[in-house]
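Engineer: Here is what each chain is made of, one letter per residue.
Protein chains: 2
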Amino acid sequence: MTLPRDYRGQTCALSRSMEIVGERWTLLILRDAFYGVRRFGEFAAHLAVPRAVLTDRLATLVEAGVLDRRPEPGTGRREVYVLTPKGIALWPAVRALTAWGEEFYAAEGGPRRVFRHVGDEAPIDAGGRCTGCGTAVPVEDVLVTPGPGLAPSAEGSAGGSAEDPGKGSAGPSAGPSAEASDPVTAALARPHRLLTPLISRPRPPHPITAPSGRPTRGPQR
Amino acid sequence: MTLPRDYRGQTCALSRSMEIVGERWTLLILRDAFYGVRRFGEFAAHLAVPRAVLTDRLATLVEAGVLDRRPEPGTGRREVYVLTPKGIALWPAVRALTAWGEEFYAAEGGPRRVFRHVGDEAPIDAGGRCTGCGTAVPVEDVLVTPGPGLAPSAEGSAGGSAEDPGKGSAGPSAGPSAEASDPVTAALARPHRLLTPLISRPRPPHPITAPSGRPTRGPQR
Numbered sequence: 001m002t003l004p005r006d007y008r009g010q011t012c013a014l015s016r017s018m019e020i021v022g023e024r025w026t027l028l029i030l031r032d033a034f035y036g037v038r039r040f041g042e043f044a045a046h047l048a049v050p051r052a053v054l055t056d057r058l059a060t061l062v063e064a065g066v067l068d069r070r071p072e073p074g075t076g077r078r079e080v081y082v083l084t085p086k087g088i089a090l091w092p093a094v095r096a097l098t099a100w101g102e103e104f105y106a107a108e109g110g111p112r113r114v115f116r117h118v119g120d121e122a123p124i125d126a127g128g129r130c131t132g133c134g135t136a137v138p139v140e141d142v143l144v145t146p147g148p149g150l151a152p153s154a155e156g157s158a159g160g161s162a163e164d165p166g167k168g169s170a171g172p173s174a175g176p177s178a179e180a181s182d183p184v185t186a187a188l189a190r191p192h193r194l195l196t197p198l199i200s201r202p203r204p205p206h207p208i209t210a211p212s213g214r215p216t217r218g219p220q221r
Numbered sequence: 001m002t003l004p005r006d007y008r009g010q011t012c013a014l015s016r017s018m019e020i021v022g023e024r025w026t027l028l029i030l031r032d033a034f035y036g037v038r039r040f041g042e043f044a045a046h047l048a049v050p051r052a053v054l055t056d057r058l059a060t061l062v063e064a065g066v067l068d069r070r071p072e073p074g075t076g077r078r079e080v081y082v083l084t085p086k087g088i089a090l091w092p093a094v095r096a097l098t099a100w101g102e103e104f105y106a107a108e109g110g111p112r113r114v115f116r117h118v119g120d121e122a123p124i125d126a127g128g129r130c131t132g133c134g135t136a137v138p139v140e141d142v143l144v145t146p147g148p149g150l151a152p153s154a155e156g157s158a159g160g161s162a163e164d165p166g167k168g169s170a171g172p173s174a175g176p177s178a179e180a181s182d183p184v185t186a187a188l189a190r191p192h193r194l195l196t197p198l199i200s201r202p203r204p205p206h207p208i209t210a211p212s213g214r215p216t217r218g219p220q221r
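Respectively, the protein sequence lines represent chains A and B.
Counting from 1, position 42 in the first sequence corresponds to residue 42 in the numbering used here; the numbering is continuous, with no gaps.
Counting from 1, position 148 in the second sequence corresponds to residue 148 in the numbering used here; the numbering is continuous, with no gaps.
Derived from the structure by calculation, the hints contain no laboratory data.
Glycine residues also receive a C-beta, built at the ideal position from the N, C-alpha and C atoms.
Be a bit skeptical, because a hint or two may be false.
When the alpha-carbon atoms are kept at most 20 angstroms apart in a straight line, the in silico EDC-like pairs for lysine to aspartate or glutamate are as follows [what the hints assert, rightly or not]: (1) 86/B <-> 68/A; (2) 86/A <-> 141/B; (3) 86/A <-> 103/B.
Here are the simulated distance ranges between beta carbons [what the hints assert, rightly or not]: (4) 103/B <-> 71/A: 51 to 59 angstroms; (5) 85/B <-> 148/A: 41 to 49 angstroms; (6) 84/A <-> 56/B: 33 to 41 angstroms; (7) 76/B <-> 196/A: 29 to 37 angstroms; (8) 190/B <-> 78/A: 19 to 27 angstroms.
Selected chain B positions facing chain A (in silico; Cβ < 10 angstroms) [to be verified]: (9) 113; (10) 146; (11) 149; (12) 183.
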């Protein structure tokens with residue numbers, strides 16, 4: 001559909017990979033999925049990606065079997081996007097590209113995110129091994145934690161608001177005031193285990209009123 | 001220059017990486033550079049990338065310090081493109097994306113390229129370690145070798161001509177006749193050590209005639 005025709009003819013492995021993830025937003029969407037972002041609005045707010053582009057990229061990833069679109073557990077209404085095993089297999093590529101960026105384009109204070117082994121909280125090296133115990137760390141045992149590049153001294157604002165300064169209409173100089181508008185950035189100010197949901201289910205806009213004689217569904221989970 | 005403006009505002013490591021390599025041709029160009037492709041015409045013929053696009057992507061990679069543009073050794077005339085240390089540091093990302101493609105989009109007969117450790121010729125696993133001796137193999141000790149997906153039984157043609165069937169005007173059904181037009185594909189039908197030049201200096205169109213009393217430069221290298 002949106003894949004370029006002139007790519008279809010190429011059959012090498014990297015060409016095939018780039019058919020799926022070779023679009024600049026796609027790997028950022030996947031990175032957020034590894035962080036545990038699951039809802040359309042959260043991807044949109046965190047990445048500042050135009051909603052039409054996000055819709056298209058998510059559809060491509062679902063079609064390719066990289067993401068699964070499913071009802072949100074416990075609600076049955078909202079749709080969430082969750083990495084499939086095929087998507088999770090992209091972790092070494094996402095990690096390697098992120099590590100390269102941290103090595104050559106570090107923020108002033110250092111890396112903004114540090115991946116750690118959940119067992120001993122030691123940083124994970126460029127090859128994906130724990131610098132503490134030497135284990136090749138599987139993605140589900142990786143913690144994403146704030147790095148020194150995210151500290152107030154480096155960025156002039158608390159929390160993670162500076163990660164995507166271009167987002168929204170406020171522009172790059174928005175500063176701390178933009179923080180509240182992006183729950184993903186705020187949530188990533190604390191260590192978080194990859195692949196687990198980053199943001200708990202939002203409260204409904206109005207309190208749930210139980211029909212007489214039927215329990216509400218909310219407290220059951 | 002050609003980078004999208006709306007990316008500049010993002011400061012996370014992966015965003016920065018995608019500014020440089022987040023374009024579908026770019027990683028294919030870099031893969032070829034790892035294979036030892038160095039000349040403009042060889043990239044163009046192997047990838048079937050439009051020359052204007054190739055010019056633009058090479059310029060971006062040189063500007064970013066990922067490739068170095070330099071005179072060809074021994075001639076001082078032709079320009080060649082060679083990976084810098086910053087570019088070589090992208091190897092884990094290129095390897096990971098290639099491995100993902102081989103896992104989920106294998107050719108009929110299996111992988112078309114197999115990376116092996118130059119020491120014992122055992123295949124390298126998805127984590128970049130030699131399956132024979134367990135060494136984390138540095139890129140300069142990697143052999144790219146033809147895999148079963150490249151065999152005549154799988155593709156119906158000898159050599160590597162089926163790798164980029166979309167190239168040229170002959171289209172995907174060009175078959176073996178396209179082989180001669182692409183020296184990169186032909187050279188990759190044999191094992192080759194990464195980062196070493198893949199194709200020796202082409203012969204000049206006419207025999208070199210040495211001015212009397214001066215040796216030719218050709219035989220010196």
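Engineer: Does each hint fit the structure? Answer for all of them.
Structural biologist: Now for the hints, and whether the structure bears them out:
1. About 35 angstroms separates the Cα atoms of residue 86/B and residue 68/A, which puts this hinted pair outside 20 angstroms; it is violated.
2. Pair hint residue 86/A plus residue 141/B does not hold up; C-alpha atoms about 29 angstroms apart against a cutoff of 20 angstroms.
3. For the hint linking residue 86/A to residue 103/B, the alpha-carbon distance of about 9 angstroms falls within 20 angstroms, and the restraint holds.
4. A hinted range of 51 to 59 angstroms for the beta carbons of residue 103/B and residue 71/A is inconsistent with their spacing of about 29 angstroms.
5. The beta-carbon spacing between residue 85/B and residue 148/A, approximately 24 angstroms, falls outside the hinted interval of 41 to 49 angstroms.
6. Between residue 84/A and residue 56/B the C-beta distance comes to about 35 angstroms, which sits within the given range of 33 to 41 angstroms.
7. The hint said 29 to 37 angstroms for the Cβ distance between residue 76/B and residue 196/A, and at roughly 58 angstroms that hint is violated.
8. For the hinted restraint 19 to 27 angstroms between residue 190/B and residue 78/A, the CB-CB distance of approximately 55 angstroms leaves it violated.
9. Interface hint status for residue 113/B: upheld, as the beta-carbon distance to the closest one in chain A is roughly 7 angstroms, under 10 angstroms.
10. The interface hint given for residue 146/B is violated, since its Cβ lies 12 angstroms from the closest Cβ of chain A, which is over the 10 angstroms cut-off.
11. Annotation: interface hint on residue 149/B holds; nearest CB of chain A at approximately 8 angstroms, less than 10 angstroms.
12. Against a cut-off of 10 angstroms between C-beta atoms, the interface hint on residue 183/B is violated, since the closest Cβ of chain A lies about 16 angstroms away.
Hints 1, 2, 4, 5, 7, 8, 10 and 12 from the earlier list are contradicted by this structure; the remaining hints agree with it.
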